[in-house]
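> So the sequences go chain by chain: H and V.
Numbering of the first sequence is given in numbering that gives the first Met the number 0, commencing with residue 0 and proceeding in unit increments.
Numbering of the second sequence is given in numbering that gives the first Met the number 0, commencing with residue 0 and proceeding in unit increments.
Keep in mind that the hints were calculated from the coordinates and are not lab data.
Don't take each hint at face value.
One copy or two, it doesn't matter: identical chains are merged, so the pair holds either way.
Straight-line Cα separation of at most 30 Å, BS3-like style, residue types lysine-lysine; simulated pairs [as the list claims (entries may be wrong)]:
#1 K125 / K175
#2 K271 / K202
#3 K311 / K24
#4 K267 / K218
#5 K330 / K136
#6 K68 / K279
#7 K291 / K271
#8 K30 / K68
#9 K292 / K175
#10 K10 / K118
#11 K10 / K140
#12 K82 / K129
#13 K271 / K292
#14 K219 / K83
#15 K129 / K291
#16 K292 / K176
#17 K118 / K253
#18 K271 / K219
#19 K24 / K270
#20 K125 / K292
#21 K30 / K279
#22 K330 / K320
#23 K219 / K311
#24 K115 / K292
#25 K279 / K202
#26 K10 / K320
#27 K83 / K291
#28 K118 / K24
#29 K70 / K24
#30 K253 / K219
Number of protein chains: 2
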Amino acid sequence: MLSPIRWQNNKLQLLDQRVLPLREKWLSYEKACDVATAIQNMVVRGAPAIGITAGYAMALSTIQHKNYKNKQKKIRQDLNILKKSRPTAYNLFWALQQYEHFIDTNNFSLQDYLSKAIKIHQDDIKNNLKMGKIGEKYIQKNDGILTHCNAGALATGGFGTALGVIRAAHNNNKIKKIYADETRPWLQGSRLTAWELAHDNIKCCVITDNTAAHLIREKKVQWIIVGADRITANADVINKIGTYNLAVLAKFHKIGFMVVAPTSTIDKNLKKGTDVQIEKRRADEILNFGEKKITNKNYDTYNVVFDVTPAKLVDVLVTEKEAIENPNFNKINEL
Amino acid sequence: MLSPIRWQNNKLQLLDQRVLPLREKWLSYEKACDVATAIQNMVVRGAPAIGITAGYAMALSTIQHKNYKNKQKKIRQDLNILKKSRPTAYNLFWALQQYEHFIDTNNFSLQDYLSKAIKIHQDDIKNNLKMGKIGEKYIQKNDGILTHCNAGALATGGFGTALGVIRAAHNNNKIKKIYADETRPWLQGSRLTAWELAHDNIKCCVITDNTAAHLIREKKVQWIIVGADRITANADVINKIGTYNLAVLAKFHKIGFMVVAPTSTIDKNLKKGTDVQIEKRRADEILNFGEKKITNKNYDTYNVVFDVTPAKLVDVLVTEKEAIENPNFNKINEL
Numbered sequence: 000m001l002s003p004i005r006w007q008n009n010k011l012q013l014l015d016q017r018v019l020p021l022r023e024k025w026l027s028y029e030k031a032c033d034v035a036t037a038i039q040n041m042v043v044r045g046a047p048a049i050g051i052t053a054g055y056a057m058a059l060s061t062i063q064h065k066n067y068k069n070k071q072k073k074i075r076q077d078l079n080i081l082k083k084s085r086p087t088a089y090n091l092f093w094a095l096q097q098y099e100h101f102i103d104t105n106n107f108s109l110q111d112y113l114s115k116a117i118k119i120h121q122d123d124i125k126n127n128l129k130m131g132k133i134g135e136k137y138i139q140k141n142d143g144i145l146t147h148c149n150a151g152a153l154a155t156g157g158f159g160t161a162l163g164v165i166r167a168a169h170n171n172n173k174i175k176k177i178y179a180d181e182t183r184p185w186l187q188g189s190r191l192t193a194w195e196l197a198h199d200n201i202k203c204c205v206i207t208d209n210t211a212a213h214l215i216r217e218k219k220v221q222w223i224i225v226g227a228d229r230i231t232a233n234a235d236v237i238n239k240i241g242t243y244n245l246a247v248l249a250k251f252h253k254i255g256f257m258v259v260a261p262t263s264t265i266d267k268n269l270k271k272g273t274d275v276q277i278e279k280r281r282a283d284e285i286l287n288f289g290e291k292k293i294t295n296k297n298y299d300t301y302n303v304v305f306d307v308t309p310a311k312l313v314d315v316l317v318t319e320k321e322a323i324e325n326p327n328f329n330k331i332n333e334l
Numbered sequence: 000m001l002s003p004i005r006w007q008n009n010k011l012q013l014l015d016q017r018v019l020p021l022r023e024k025w026l027s028y029e030k031a032c033d034v035a036t037a038i039q040n041m042v043v044r045g046a047p048a049i050g051i052t053a054g055y056a057m058a059l060s061t062i063q064h065k066n067y068k069n070k071q072k073k074i075r076q077d078l079n080i081l082k083k084s085r086p087t088a089y090n091l092f093w094a095l096q097q098y099e100h101f102i103d104t105n106n107f108s109l110q111d112y113l114s115k116a117i118k119i120h121q122d123d124i125k126n127n128l129k130m131g132k133i134g135e136k137y138i139q140k141n142d143g144i145l146t147h148c149n150a151g152a153l154a155t156g157g158f159g160t161a162l163g164v165i166r167a168a169h170n171n172n173k174i175k176k177i178y179a180d181e182t183r184p185w186l187q188g189s190r191l192t193a194w195e196l197a198h199d200n201i202k203c204c205v206i207t208d209n210t211a212a213h214l215i216r217e218k219k220v221q222w223i224i225v226g227a228d229r230i231t232a233n234a235d236v237i238n239k240i241g242t243y244n245l246a247v248l249a250k251f252h253k254i255g256f257m258v259v260a261p262t263s264t265i266d267k268n269l270k271k272g273t274d275v276q277i278e279k280r281r282a283d284e285i286l287n288f289g290e291k292k293i294t295n296k297n298y299d300t301y302n303v304v305f306d307v308t309p310a311k312l313v314d315v316l317v318t319e320k321e322a323i324e325n326p327n328f329n330k331i332n333e334l
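Turn these sequences into a full structure, and let the hints steer you where they fit.
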């Protein structure tokens, strides 16, 4: 199974998602702080994948500091650096939180840290397979599906959240056509989703983000299926910029809008979506493509990379526990 | 006044919009068939600018064939080649139609052909200035404005349609902030709109197309203002892909949606928007950026470059004659 994260010879290897699909390049990490930089620079991205990566980074931290006198200080420092690597995806904090007790109790065993990381990784894959089964039941024969960003194997431990449901529905021969928004500015759709589906011999059709409405009007899409970076207590969904736009289009055209995310993405401590810190990134992500200049670099931009979809626009939230139709505070609370 | 089209020494010069803003390069044309290729390749684009360009191309045709025996055949051939250069923008057909009578009556006078082209060009600028005045009345002090694609000086004879209204409102100090959708795949927003506004010392902020919904939800936009490539008898609007998306967002969020287009864009012979031929362009516009590969070239794409906005989503259609609120068949018919 395709996974963007692997542990080998006490090193963490990440598939560099900045250069996919033109290059398939693995980078190797020995220090937690370098992993934090990799998360920040989007070598690895996708909420569940970031959480898993942070777990392995904590294991690296115990190796790096094994001969250090004040391990507690150093390892806690690494945890805090990792916590600050990106602000929006909840799985990062959820994963790191599981190491707090180790640090508090002076447990710095590589075995324990690594086991936990592997468990986070394996559980994520298991959850994705479960969500695939639960979510695909909503898909009817010959449905057209639109997805945004990459909520696939590359964004998770493997199989994917939104793409997990799409994979499962594809395996049951239900899908007429899969459309992938290219997802500006980082092009997770045309670079990552198209690549990982092609890797599994699943065809998809890449569109610009602004084509979705036209496609839906042409009745080519019955379900929009996306992942999530964070879900708040009231079931608001924080996900890649453009998700809210799609949710509005789904409501306006009366087609289905499905969010697929493990419970590790749910942040019950935050009341509502607008309480979440939405990351703003650099202007050059819009004004350049990679090293290639697109336009003048002095133009002003507004590069917010996530948006908030209010719960009332979500038809079904698929978790590894169950599918929640018309999710709200009470249903999330009972989960 | 900035204009992307100029006639000099019996040659037509076009500002190459494919390489703006990184290069300001003028290309010179002596043959109508080469101008048709330039239109097809988007050296010049924007419905009114294409119409003006076609007029000058007809003048070139009389020069090229002045010593040719069967001028009528050759010049009609050029007209037909120009007609096929792009299928959607109506101004192309509207402008060329004005030369049919000359050809039918064996009039091949450069003077007449050129005068007509200059009149089309000058009238377009005049109309834009009129529409600027008419449209800007709808803008309130401190409104935020979002525009899509480039419906500015570069898309017209000068001043612009949508950007004409925005320029006029800016000159009256009404606008709080102008947002420009980058407009994938061709990036008319981040390349052309940002450049021509900067040229006139007007600030704007570039966003990815999928950020519009979030911006509107944040109440930063009160009016969405766009141009049009064709308007049908029932007031449906055919414009750059993504326009329909914005119209849905405007309706959903109860903000204004304004279309600015001269009557030369109105095609009373077509009943409704879905009757218009929507141009599909090459996959590499999505999979590449210019010469730069973004992703694997074998991925499937759906690169429709226009969409249809039904009249019922248009709050006001601004023409050089008047502003039509809630446009429909009867109001267009009476225009």
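> Now tell me if each hint is right for this structure.
Cross-check of the supplied hints:
Taking the shortest alpha-carbon separations for K125 and K175, only the intra-copy value of 27 Å comes in at or below 30 Å, while the best inter-copy value is 50 Å. Taking CA atoms no more than 30 Å apart as the test, K271 paired with K202 passes in neither setting, with 37 Å inside one copy and 34 Å between copies. For the identical chains of this complex, K311 and K24 are neighbours neither inside a copy (41 Å) nor across copies (51 Å), given an alpha-carbon limit of 30 Å. Only between protomers do K267 and K218 lie at most 30 Å apart by alpha-carbon distance; the minimum there is 27 Å, versus 36 Å within a single protomer.
Taking the shortest alpha-carbon separations for K330 and K136, only the intra-copy value of 20 Å comes in at or below 30 Å, while the best inter-copy value is 48 Å. Taking CA atoms no more than 30 Å apart as the test, K68 paired with K279 passes in neither setting, with 38 Å inside one copy and 66 Å between copies. In this assembly of identical chains, the alpha carbons of K291 and K271 never lie at most 30 Å apart, being 38 Å within a copy and 41 Å across copies at closest. Taking identical chains as interchangeable, the C-alpha atoms of K30 and K68 lie at most 30 Å apart only when both belong to the same chain, with a minimum of 17 Å there against 81 Å between chains.
Taking the shortest Cα distances, K292 and K175 sit within 30 Å of each other only across copies (28 Å), while inside one copy they are farther apart (37 Å). For a Cα distance limit of 30 Å, the shortest separation of K10 from K118 inside one copy, 17 Å, qualifies, whereas the shortest one across copies, 72 Å, does not. Taking identical chains as interchangeable, the C-alpha atoms of K10 and K140 are never at most 30 Å apart, the minima being 44 Å within one chain and 59 Å between chains. In this homomeric assembly, K82 and K129 come within 30 Å of each other (Cα to Cα) only inside a single copy, at 28 Å, whereas the closest approach across copies is 56 Å.
In the homo-oligomer, the alpha carbons of K271 and K292 never lie at most 30 Å apart, since the shortest distance is 38 Å inside one protomer and 40 Å across protomers. For the homomeric pair K219 and K83, the shortest alpha-carbon distance between copies (29 Å) is at most 30 Å, but the shortest distance inside one copy (41 Å) is not. In this assembly of identical chains, K129 and K291 lie within 30 Å of each other by CA distance neither inside one copy nor across copies; the values are 41 Å within and 40 Å between. Within a single copy, K292 and K176 get their C-alpha atoms only as close as 34 Å, which misses the 30 Å cut-off; across copies the closest is 25 Å, which meets it.
Neither within a single protomer nor between protomers do K118 and K253 lie at most 30 Å apart by alpha-carbon distance, with minima of 40 Å and 48 Å respectively. For a Cα distance limit of 30 Å, the shortest separation of K271 from K219 across copies, 21 Å, qualifies, whereas the shortest one inside one copy, 33 Å, does not. In this assembly of identical chains, K24 and K270 lie within 30 Å of each other by CA distance neither inside one copy nor across copies; the values are 40 Å within and 54 Å between. Taking the shortest Cα distances, K125 and K292 never come within 30 Å of each other, neither inside one copy (42 Å) nor across copies (36 Å).
Taking the shortest alpha-carbon separations for K30 and K279, only the intra-copy value of 26 Å comes in at or below 30 Å, while the best inter-copy value is 49 Å. Taking the shortest alpha-carbon separations for K330 and K320, only the intra-copy value of 12 Å comes in at or below 30 Å, while the best inter-copy value is 56 Å. When the C-alpha separation of K219 and K311 is checked against a cutoff of 30 Å, the pair qualifies both within a copy, at 24 Å, and between copies, at 22 Å. In this assembly of identical chains, K115 and K292 lie within 30 Å of each other by CA distance neither inside one copy nor across copies; the values are 43 Å within and 40 Å between.
In this homomeric assembly, K279 and K202 come within 30 Å of each other (Cα to Cα) only across copies, at 20 Å, whereas the closest approach inside a single copy is 33 Å. In this assembly of identical chains, the alpha carbons of K10 and K320 never lie at most 30 Å apart, being 33 Å within a copy and 71 Å across copies at closest. For a Cα distance limit of 30 Å, the shortest separation of K83 from K291 inside one copy, 29 Å, qualifies, whereas the shortest one across copies, 33 Å, does not. Only within a single protomer do K118 and K24 lie at most 30 Å apart by alpha-carbon distance; the minimum there is 25 Å, versus 59 Å between protomers.
When the C-alpha separation of K70 and K24 is checked against a cutoff of 30 Å, the pair qualifies neither within a copy, at 33 Å, nor between copies, at 62 Å. For the identical chains of this complex, K253 and K219 are neighbours both inside a copy (13 Å) and across copies (27 Å), given an alpha-carbon limit of 30 Å.
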